[in-house]
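Residues per chain are reported as follows:
Protein chains: 2
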Amino acid sequence: MKPSLYTCLSPALLHLYDVSNSVVVIIDVLRATSTIATALNNGASAVIPVDSVVECIRIGKELNSITAGERDGQVAEGLQYGNSPFEYPQSFIGGQTLVLTTTNGTKLLHMAHKNGAKQIITGSFPNISRVCDYLLAQNTNVVLACAAWKDKVNIEDTLFAGAVISRLKSHFELACDASQMAESLYHTAQNDLYEFMKERNATHYHRLTKYHLEKDIRYCLTNDGAPSLPFYSEGRLINLS
Amino acid sequence: MKPSLYTCLSPALLHLYDVSNSVVVIIDVLRATSTIATALNNGASAVIPVDSVVECIRIGKELNSITAGERDGQVAEGLQYGNSPFEYPQSFIGGQTLVLTTTNGTKLLHMAHKNGAKQIITGSFPNISRVCDYLLAQNTNVVLACAAWKDKVNIEDTLFAGAVISRLKSHFELACDASQMAESLYHTAQNDLYEFMKERNATHYHRLTKYHLEKDIRYCLTNDGAPSLPFYSEGRLINLS
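Here the protein sequences come in this chain order: Z and P.
Residues 1 to 241 in UniProt numbering are what the first sequence lists, from first letter to last.
Residues 1 to 241 in UniProt numbering are what the second sequence lists, from first letter to last.
Chain Z extracted, bound-state conformation (with noise of 0.2 Å):
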């Protein structure tokens, strides 16, 4: 028997899944997991996912790591860098701890924790073959889970979604209609992710687009820039090899 593949689509529906006997794939498309598997693939040592800029702080200070977030498209008060991909290359993350606070993926993080999550990682488009690989590998149910904003699906996280049912939907049973309409959405976008987003004037892309993250928003939705597998483990997420 194929094991069980289900999407959701908002934090908000996140209880209606069983996950403690899942792998749970954490997707937040723009930016938090790109920027996660990209700090990791850059040699960073771990990325730790706070929920508060407090929290952040607080935990920078205490192992005297890197403190990273934003709020409203600028870092927040207190912080040291923002979220953008690029701000990690590996001659500045590598070796380092990377405290990162963003708002919807991290608190979908947590909430797949508390809920008793088998295992959690995160996915995006930069470590999409990783990913697939190792849901592949696992040969156990699957829960992929959008970040969304603020609870509100949105298009990015939906399309991520997509596009691993779209490689791994012989391997697994699609046992919900999100998956199939996930599937169907990147079908209709996979020739040009960044125009379906543009055309379809997705509400993020405005978002980013006001703070001149086109380059963002491409290097997010192109595969496996990043090749790395973020794998949450005693609050932490490790590269996994």
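Don't take each hint at face value.
Which copy? The list can't say, so a pair holds if one copy fits it or any two copies do.
Claimed, not checked - Derived lysine to aspartate or glutamate pairs resembling EDC-like cross-links, with alpha carbons at most 20 Å apart:
1. Lys-114 / Asp-18
2. Lys-2 / Asp-18
3. Lys-107 / Asp-18
4. Lys-215 / Asp-72
Simulated from the structure, these hints should not be mistaken for lab results.
Following the hints, complete the assembly by docking chain P onto the known chain Z.
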């Protein structure tokens, strides 16, 4: 300035939308809102949506009216009729009040009411043109509210939202990604909604075909077979002429 149109894919997300200044369209394509449109179009004087079988029996007795509702594909114990639109021809339902209990649609309607919705109507393919004409005429904000299935998003309610958006989008501000996703899904499916449901192995398609209800599904996916406009007022849905 154009009014805004939002799509809410699950009752569990309704709290994210301001319904107090909106017409809320309750969407439960298979089969509650299709059956409501049909009963009213065939001359029912009102449809009273209630949460539970017990309440359905109580109000049915009080008003000496027809009671209907299903649980797990069977007429619920103590009730007289089921959820199929074909059970409500004019010869039977004309001039009658129908007390109807359904799981997802009724719950959502009551939530919208409790949250202070400015107006509530119900939508389905059998009355899609009436719904669109009404929304255009109101020139106010709209929330397309999908009943889903036990809070999990479903394909058919999303398709109906997409169909409405595809007709109305030039007249409204599409202010959320869910609306864009719904319309994109509808575009992919529009040539044959039934085939799309089948091909995508929609959970509800599956559930109903098990009970040999293909004819119901086809009817519920066909435009304008029951051009009524169910409007919620004082606990009952009446046909707005």
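These are the hints, each one checked on the structure:
1. For the identical chains of this complex, Lys-114 and Asp-18 are intra-copy neighbours only, at 12 Å inside a copy versus 30 Å across copies, given an alpha-carbon limit of 20 Å.
2. For the identical chains of this complex, Lys-2 and Asp-18 are intra-copy neighbours only, at 16 Å inside a copy versus 42 Å across copies, given an alpha-carbon limit of 20 Å.
3. When the C-alpha separation of Lys-107 and Asp-18 is checked against a cutoff of 20 Å, the pair qualifies only within one copy, where the shortest distance is 18 Å, while the shortest distance between copies is 23 Å.
4. For the homomeric pair Lys-215 and Asp-72, the shortest alpha-carbon distance inside one copy (18 Å) is at most 20 Å, but the shortest distance between copies (51 Å) is not.
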